[in-house]
Amino acid sequence: MDTIIVLFHNYVAQSAFWGWFGAQLLKFFITLVRYQTFSWERLVGSGGFPSSHTSFVIATTTSIAIKNGVDSDIFILGVVLSCIVMYDASGVRREAGKQAQILNQLIHYFKNKQIPVRLDGATLKELLGHTPFEVFGGLMLGILIACIQYFVVYGGAI
Numbered sequence: 014m015d016t017i018i019v020l021f022h023n024y025v026a027q028s029a030f031w032g033w034f035g036a037q038l039l040k041f042f043i044t045l046v047r048y049q050t051f052s053w054e055r056l057v058g059s060g061g062f063p064s065s066h067t068s069f070v071i072a073t074t075t076s077i078a079i080k081n082g083v084d085s086d087i088f089i090l091g092v093v094l095s096c097i098v099m100y101d102a103s104g105v106r107r108e109a110g111k112q113a114q115i116l117n118q119l120i121h122y123f124k125n126k127q128i129p130v131r132l133d134g135a136t137l138k139e140l141l142g143h144t145p146f147e148v149f150g151g152l153m154l155g156i157l158i159a160c161i162q163y164f165v166v167y168g169g170a171i
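Residue numbers for the sequence shown follow the working numbering, beginning at 14 and rising by one.
It is worth saying that the hints were derived from the structure and are not from the lab.
Hints may contain errors.
BS3-like mimics (lysine-lysine), calculated; alpha carbons at most 25 Å apart, straight line [claimed, not checked]:
{"hint": "1", "residue 1": "138", "residue 2": "126"}
{"hint": "2", "residue 1": "138", "residue 2": "124"}
{"hint": "3", "residue 1": "111", "residue 2": "138"}
{"hint": "4", "residue 1": "111", "residue 2": "126"}
{"hint": "5", "residue 1": "111", "residue 2": "124"}
Given only the sequences and the hints, what does the whole structure look like? Please build it.
Laid out in structure tokens, this is it:
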């Protein structure tokens, strides 16, 4: 039980959580304003602006830099993992989303021609990855959240 309490009071863990949750909340409100629709999926789903994966790892890495310094081994590990996540978000997962779009078009075409298609779900999820702008938005949000946590919540001292 003490471990859970310690985690709730850990600056790095708090920054990581708020980095993820802040991005998801922004996605929800952007969808609400832009499309005038409630999309509860935006609170937990991937894809869209800003990248919550990026915001999560960057808030974590920034808070590690603030707490342990940029010359610490754990910060370097954070930078490496952040680069992998951002590359994956804007590269691999984005391309997988494009492939899902094409496959969904093929499934629709086959169904219109009465050609049976075996697929467990109705369609494949297309919003998987991010544009470079969405990743950049997550990067900026992650830095901002870690700094807000440090200066506002902790008063500039950990």
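- Task: Go through the numbered hints given earlier and state which of them the structure violates, listing their numbers in rising order.
- Result: No numbers; nothing is violated.
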